[in-house]
Structures are given as structure tokens and as C-alpha cells.
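Novice: Here the protein sequences line up with chains A and B, keeping their order.
Counting in our numbering, the first sequence runs from 173 upward without gaps.
Counting in our numbering, the second sequence runs from 29 upward without gaps.
To be clear, the hints were calculated from the coordinates, so they are not data collected in a lab.
Any given hint could be a false lead.
In silico lysine to any residue, SDA-like type, Cα no more than 25 Å apart, as pairs [claimed, not checked]:
1) A:Lys416 - B:Pro160
2) A:Lys416 - A:Ala483
3) B:Lys118 - A:Gly533
4) B:Lys118 - A:Pro473
5) A:Lys180 - A:Ala267
6) A:Lys416 - A:Ile484
7) B:Lys118 - A:Leu546
8) B:Lys157 - B:Asp96
9) B:Lys118 - A:Ser402
10) A:Lys416 - B:Val162
Label-pair distances were calculated between CB atoms; the ranges are [stated by the list, open to error]:
11) A:Thr184 - B:Glu129: 50 to 60 Å
12) A:Ala326 - B:Glu129: 26 to 36 Å
13) B:Pro155 - A:Ala480: 35 to 45 Å
14) A:Leu527 - B:Asp83: 38 to 48 Å
15) B:Asp96 - A:Trp268: 32 to 42 Å
16) B:Asp144 - A:Ser332: 39 to 49 Å
Beta carbons: idealized from backbone N, C-alpha and C, even for Gly.
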Amino acid sequence: MPRKRATKTRATIGLDLLNFFIAGEQTGFGPFVAVYLTARQWTQVEIGFALSLGTITAMVSQIPAGVLVDALRGKRVAVAAGILAVGISALLLVAWPALLPVLTAQVLHGFASCVLTPGIAAVSLELVGHAALGERIGRNARFAALGNGLAAGAMGLLGSYVSDQSVFLLTAVLCVPALATLPFIDAKPPPPPRRAATRRARRSELVALLTDRRLLMFAACAALFQLADSAMLPIAAGELTKQKGTQANLIIAACILVPQAVVALLSPWVGLNAERFGRRPLMLLGWAALPLRGVLLAMLPNPYLVVAVQAIGGVSAAVFGVMLPVIADDVTLGARRFNLCIGIFGLAGTAGAALSTTLAGLLADIAGDRVAFLGLAAAGLAGTALVWLAMPETRSIEAPE
Amino acid sequence: MSRISLIVPLLLLTAATPEVPARPPAPELPPTVMLQTFSPREAMSVLGHPVVEADGQTVARLIDVLVDPNGQPVAAVLDFGGFMGVGIRKIAVFWSTLRFESGEGAHRIVLTLTQDEFKAAPEYRDPEKPAPVVMPVVPEARPGQQ
Chain A
173 MPRKRATKTR ATIGLDLLNF FIAGEQTGFG PFVAVYLTAR QWTQVEIGFA LSLGTITAMV
233 SQIPAGVLVD ALRGKRVAVA AGILAVGISA LLLVAWPALL PVLTAQVLHG FASCVLTPGI
293 AAVSLELVGH AALGERIGRN ARFAALGNGL AAGAMGLLGS YVSDQSVFLL TAVLCVPALA
353 TLPFIDAKPP PPPRRAATRR ARRSELVALL TDRRLLMFAA CAALFQLADS AMLPIAAGEL
413 TKQKGTQANL IIAACILVPQ AVVALLSPWV GLNAERFGRR PLMLLGWAAL PLRGVLLAML
473 PNPYLVVAVQ AIGGVSAAVF GVMLPVIADD VTLGARRFNL CIGIFGLAGT AGAALSTTLA
533 GLLADIAGDR VAFLGLAAAG LAGTALVWLA MPETRSIEAP E
Chain B
29 MSRISLIVPL LLLTAATPEV PARPPAPELP PTVMLQTFSP REAMSVLGHP VVEADGQTVA
89 RLIDVLVDPN GQPVAAVLDF GGFMGVGIRK IAVFWSTLRF ESGEGAHRIV LTLTQDEFKA
149 APEYRDPEKP APVVMPVVPE ARPGQQ
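Please build the complete structure, drawing on both the sequences and the hints.
Specialist: Structure (C-alpha cells):
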């Protein structure tokens, strides 16, 4: 018995560290790629193309990657492949910043990210089972936020004082400890989930999932969440630069790091209470914080207060990060489509995020940042209303275990 | 071998230094084509180059050059500010507000405007639309004039 408990503890800590290092590995990608390529004498058109290619890949791969992770017996293999692919992308960016390698890196990274999210969730589910998943996902989110925040700080310093190549070198190096955690997460794979006998039965099972009201509602809520959330930080940060020039850089760093600290603090609480009180109350909290933040950002006179308002964003991020896998598990309970479901939610979210920056940018161009924030707040309000009026409670009172 | 003999070093004192930016000529260059080699001091690459303030602090990066119908530079587009790529603003500044200092090895692009003079300028977004360009500060000009 004690031996078994020790194995369990090792696996728990291993999964903590896996989340930590993967989040750190992912930090360098995103807007920093544009900075890096600019310094490599890339033109704006080429950079725009490379970034769009990454975004499009991340969108179209969500569902195939989910299906792939569902189909794999060993989920840890998928996670390992994802970690390696992100590391290889980083090395390609450092070693060979020409068009073809960078485009390859963007595609590789986009697909790998789509495998990693469901992969980590699947490993977690294997380790703790349905009943304790909320708590475990909360813990995942805590360690991911810590990894993300620390890596952002370290990479910001490296980028400013060493070189921008060193940012991607650190990304590649983080691969090693991330991979090293995997052997410790030694969960006994559960018996293969029941599989419908005939092809026809399987098809009707899939149709039932895809028309499940809970799935469709959460996908819509996720899309509206990202539609409201994604453009807030970039616009607020641009506004800070406008007011304070390069002095704003530290405030912008705080706007990125403080919400991560809030996520790290809050996520386990969100996970626990999602099991205790159900998903809806917490969703209402996280979604309702979006319009509040949008309105506050539109009204704020003082740049330092932006950091405090961004902290509210941490509440939303903690709720979203925990709810997505937990609700995917609620919807697919007992069926084999957990990761497909995460992929569907991921697709809805990334589509909302892509639309967010485009629409808010348009609004900001036509009518100014203030109106753009109010537009984002309106999307958040619509999301909150959808949660309130249409999102069913998905927690099952008696979880079969 | 034959490449080097083709190069006509008009201005260069030392023979081909490693930094010579000239592209290797095509194997069979027509005899009418003259080739001239410029050192980085004489012709510097500016795209992606850091732009510093008078005190040497990096404030921006030069990302594009806007030219007039004669091909003469009118304005430079700069990536300004931000942390890890978040909060960057693209701002166009009049070409003459930049001073190009070529030194041995490292050359610098110095922006003679202060941040207060350009940080709040409207963003340069669309190459197809009229570009808002920050002009040099004329000593006698006062805010509100023009």
C-alpha cells in the first residue's frame, strides 16, 4: 500500500511539473515571434503570413488532434511528441530563420499545441478519474500559470539583455525537463472505454455527441469568451505604450504576469468548487468578469490601474482554463470522445480569439480604443447572458466511478 | 576564384573583407556590367535594425522605409515599445529625424525625436492609405501651431 501511495505521489508531482514546463515552453511563441523575425530582417508581409499560417494551423488542427489523441492508447506518447515538436520548432526558428523553416516551425507548433492541450487533459483523467478531475485540472492550471509567468519573466529579461535567439534556446531547453517528467506519471491506463459494436451504433453515438446541447452551448460560450477576452490585453498594452512610451514596458510585463499569479492562486479553488457547487456558478463568475473588465478598461484614466484591471482577467482565465476540460469530461462521460470534445471547444475558442483581434482592431481604427473595449465588453456580456440563460449544469450528482 | 577577379574594388581599400555584403555574381556576368563593392560604412542595411535614442537606449526597430516617386526615403516605419511583442506600436517618422552613424563594425541609427514627441502619434497601419508621419520638431514651432 505505501508503495502504491508513493507511486501516486510521484505521478502527482510529475504531472505538476509537466504542466509547469510545457507552459514555459509555449511562452516564447505568440507575439514575440514577430519581434524575432523583424530583427531577422523579415518584411511585415512575410511575418504576417507566417503568423497567420500558425493561427490557421492551430484552428484546423484542433479537431483532428483531438481525434488522434482519442485514438491513441498511450496518451503520454502524444504528449511527448507534442513537447518534442514544440522544441524542434524553437530550434528551427533559432538556427534557420528562412522562409521555409519558419513556416514549418509555425505549422509544427500549431499542430503540437493542439495535441498538447487534450494530451495533458487525457493523462490527467487517466491518473485521477472522473470524480477528482476538477481538482486535478485546477492543479494543472496552477502549475501552468506558474510556468508561464516565470518563463515570461525570464524570456523578457533574456530578450532585453542577452539576445532574442536566447528566448527560443530557452524554449528548446525546457523540452528536456518536460520530457523527463513523463516516466513518473505512471497511471495505469483504464480499461478501454466501451466501444459501440457496430459502425452504425458508433455513428449514432457520434451524432448524439455532436448534437448534445451541453456541448453546443459550451462551445458557443467559449467562442464568446475568447471573442471578448483576446483583444483586451493587446489594445490595453498599445494604449499604455501610447501614454508612457518605453516606460510602459514594465507595466505591460505586469499586465501579463499579474493575471498568471491570479490564475495560479485561484485555479485549484475553481476546480474544487466546480465539484462542490457545480459548473454554472463558477462559469457565471468567470464570464461576468469579462464585461466588467472591458468597461473598466474603457474608463480608466491611470495606466497603473490597468494592471489591477488585468488581474480581474486572471479570474476569467482561471475559470475558463478549468471549465474547458472538466465540461468536456462531463459531456463525454463514459464515451471515448473526451479529446474530440476538447478539440471542438478549442476550435470554438480559437475562432473567437481570431475574430476578437480583427473586430476590435477595426473598431479601434474607426472609433478609438474606448469603443473597442466597450465592444469587447458587449461580447462578454452576451457570453454571460448565454451562460445564465442557456448553459445547462453539466455536473452529474452521482458520478459513476 | 573567378568571382574575386570580377569584382572591381573602386572604393574599397582592403581586399574583400568578410563583411562585404555584395552578392556573389552570377557565373556568366555580361561584360558590360560593372560591379562595385560598398562596405557597410558606405551602404548599410537598415531593415530590422535597432533604433536608439540619443542616450544609446534602444527604443524601436526600423521595419520599413517609405519612399517618394523618385525613390528617395521620406519616412521610416518603426516598431516601438512593448514587452515580448505585446503593446508594440508602428509609427512612421520623417526620414530626417533619423541620424545614421556608421562606425567600425557596429553602426547605429539614432532617432533625434524624444519619445514624448512621437509616442502618441497615430499608428501606421495600411500601406495603401495616407500615412501619418511624425515630422521633425522645428525650434520656433509651438504646440497648437501649424
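Novice: Evaluate each hint against the coordinates.
Specialist: Consistency of the hints with the structure:
Using a Cα cut-off of 25 Å, the hinted pair Lys416 of chain A and Pro160 of chain B holds, with the two alpha carbons roughly 20 Å apart. Only pairs whose Cα atoms come within 25 Å are accepted, and Lys416 of chain A paired with Ala483 of chain A is accepted, the gap being roughly 20 Å. In summary, the hint linking Lys118 of chain B to Gly533 of chain A is supported, as the alpha carbons are separated by about 14 Å, within the 25 Å threshold. As the CA atoms of Lys118 of chain B and Pro473 of chain A are separated by approximately 23 Å, the hinted pair is consistent with the 25 Å bound.
Restraint check: the Cα-Cα separation between Lys180 of chain A and Ala267 of chain A comes to about 40 Å, which exceeds 25 Å; the hinted pair is violated. Note on Lys416 of chain A and Ile484 of chain A: the hinted pairing holds, with a Cα-Cα distance of about 23 Å set against a maximum of 25 Å. Only pairs whose Cα atoms come within 25 Å are accepted, and Lys118 of chain B paired with Leu546 of chain A is accepted, the gap being roughly 24 Å. Proximity of Lys157 of chain B to Asp96 of chain B is assessed by CA-CA distance (about 15 Å); at most 25 Å being required, the pair is judged to hold.
Taking the CA atoms of Lys118 of chain B and Ser402 of chain A, the gap is about 20 Å. The hint holds against a cut of 25 Å. For the hint pairing Lys416 of chain A with Val162 of chain B, the CA-to-CA distance comes to about 17 Å; that is within 25 Å, so the pair holds. Between Thr184 of chain A and Glu129 of chain B the Cβ separation comes to about 58 Å, which falls inside the hinted range of 50 to 60 Å. The hinted range of 26 to 36 Å is satisfied by Ala326 of chain A and Glu129 of chain B, whose Cβ atoms lie roughly 33 Å apart.
For Pro155 of chain B and Ala480 of chain A, the Cβ-Cβ distance of about 38 Å falls inside the hinted range of 35 to 45 Å, so the restraint holds. A hinted range of 38 to 48 Å holds for the C-beta pair Leu527 of chain A and Asp83 of chain B, which are about 42 Å apart. A beta carbon spacing of about 37 Å between Asp96 of chain B and Trp268 of chain A agrees with the range 32 to 42 Å that was offered as a hint. Checked against the hint of 39 to 49 Å, the pair Asp144 of chain B and Ser332 of chain A fails, with Cβ atoms roughly 22 Å apart.
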